[in-house]
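Visitor: Here is how the chains run, residue by residue.
2 protein chains.
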Amino acid sequence: MTVIYDRVALIGLGLIASSMAHAMRQYGLVGEIVGHAKSAETRKIALDIGLCDRVCDTAALAVQGADLVVLCVPVGVMGDLAAEIAPHLAPGATLTDVGSVKGAVVEAVAPHMPSGVQFIPGHPIAGTEHSGPRSGFATLFQNRWWLLTPLDGADVAATARLRALCEGMGAHVDEMDVAHHDLVLAVTSHTPHLIAYTMVGVAEHMRRVSNSEVIKYSAGGFRDLTRIAASDPVMWRDVFLTNKDAVLDILGRFTEELFVLQRAIRMGDGEQLHAYFTRTRAIRRGIIEAGQDTAAPDFGRATVGGGEGKT
Amino acid sequence: MTVIYDRVALIGLGLIASSMAHAMRQYGLVGEIVGHAKSAETRKIALDIGLCDRVCDTAALAVQGADLVVLCVPVGVMGDLAAEIAPHLAPGATLTDVGSVKGAVVEAVAPHMPSGVQFIPGHPIAGTEHSGPRSGFATLFQNRWWLLTPLDGADVAATARLRALCEGMGAHVDEMDVAHHDLVLAVTSHTPHLIAYTMVGVAEHMRRVSNSEVIKYSAGGFRDLTRIAASDPVMWRDVFLTNKDAVLDILGRFTEELFVLQRAIRMGDGEQLHAYFTRTRAIRRGIIEAGQDTAAPDFGRATVGGGEGKT
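Protein chains in written order, with this note's numbering: chain A, 395 to 705; chain B, 395 to 705.
Isolated chain A (complex conformation) (with noise of 0.2 Å):
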């Protein structure tokens, strides 16, 4: 591989950061990689695992000199973080983002951008339920895909120079439209985690079904949502408040179907429930025929150290 950027700076050291750091090396893609974390102890953790080159104390300092720029922190701040740093930004950088909506961070950062820095939007569909500077590894983003939303007039070249960084990584590269990037992702990741965390506070407030039942029978089913509803607190507010309209129609429209499928339960209804329930095997074929999942039962835990759920 050839050096791609010859410095990097990654502000925020959590699972993305980290990952991209263990990646960007092991694949020998950037010269330098810099790094800044907000939170002292994030960084003092950073600087113990080597996880950066150089771990800066102030965001300013870090992104001095970079050519390319990565904000690795949740969608909320990252205006501010923009406003920051955008005066230390060195002529000729690219700036771009990992946040899981991309029409909030659009609208947060852009305005704040200089003449001659090229700010391309990204976000990579990759992630654990794991979060922190020692969360990431290398092979994160392997086979998964990793959006690109240039806004007009973005240079060409600044593009896919980026994008031959992401690729490098592992990830497959697709650009699309910021707005459809923020419909998409309510679909297949903002809506699936806000009623996972839903049914998990449901169990979790039942008087009648006592928590450590919840947990020790929780294999029928259960558990497998509660991976996801054990994902970063603050990441997922973010998400939610920046993204509101399109996850608010994407929830109007999973009640809408609930509610046809609570009145096949009530009438009876069984011919309607086993036509639903056929159709929805075909998705997940889908999804282990384009490898974005395995084909081994149960994810693949029941081969894990022998005995499911013993590892």
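Hints in this document: simulated from the structure, not taken from any laboratory. Just so you know, not all the hints are guaranteed correct.
Identical copies look the same in the list; a pair holds intra-copy or inter-copy alike.
Unchecked claim - Lysine to aspartate or glutamate pairs mimicking DMTMM-like chemistry, simulated, CA-CA at most 20 Å apart:
#1 Lys638 to Asp568
#2 Lys638 to Glu665
#3 Lys638 to Asp447
#4 Lys638 to Asp663
#5 Lys638 to Glu501
#6 Lys638 to Glu426
#7 Lys438 to Glu426
#8 Lys438 to Asp451
Fit chain B to the given chain A structure using the hints.
Guide: Leaving out everything else, chain B in the frame of chain A:
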């Protein structure tokens, strides 16, 4: 291990029965395994792969002389099956089932039981999204819970013997009341499945987001729901039709709770969202500590065969 039953008849040869066959044989728990499935194709596969010692063309033939009969068929056909086999059950035999709903099974099966036959309803909280006679494996029940719901006046020795079989296959056994079982399972299994089916259905119906986009970008959370939404449609139709009251109860609570979060999104109440998302993390930790799921990121998908999604 000592032999617990001399002859076990498995009626229905899907995921649970085939896993029982593998486990009982591997751990030397029974003398002879006799099987029957309604479909000639399933019987042929069972013969071809040597799943049972004998495969019978009728359920009546299969149960003759068995000291344990296990009904492994969808909940909706348990009653007719019980009526069919009742005259052929051996005196002193135990009959159990593995249905995900207990109230409806008891109502359908108990009236047909001859005196001298012990009917002890059961339910292993274990499974995968796969079905059919080839989908079973011996470790399915390892470290999982197997619930028994003995009826009033159940024979203590017969219950202990059935418990020993379940434990011999690696399961933990709990006994509980029929109605409580159905409520607990509505929370930990039935409602989670219904909302997963619903979310997958919503994604499939969206015209502005194509199915190929839903599939490509599913790693943002959606793919987790598609696994349980790929479960056997007949089994799940019957679960919802026969555990109607408990499922409608939990669905009502779910919708209530979802509306609270939906309103918080609409009103921009970040504090409420953050507090909710923080509480739900604790349940996930409890499930991992109880050995009911893996702590590995992404269910260990990331570590199965290298890059996630590649296996």
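Visitor: Can you list which hints this structure breaks, lowest number first?
Guide: When the structure is compared with the hints, numbers 1, 3 and 6 turn out to be violated.
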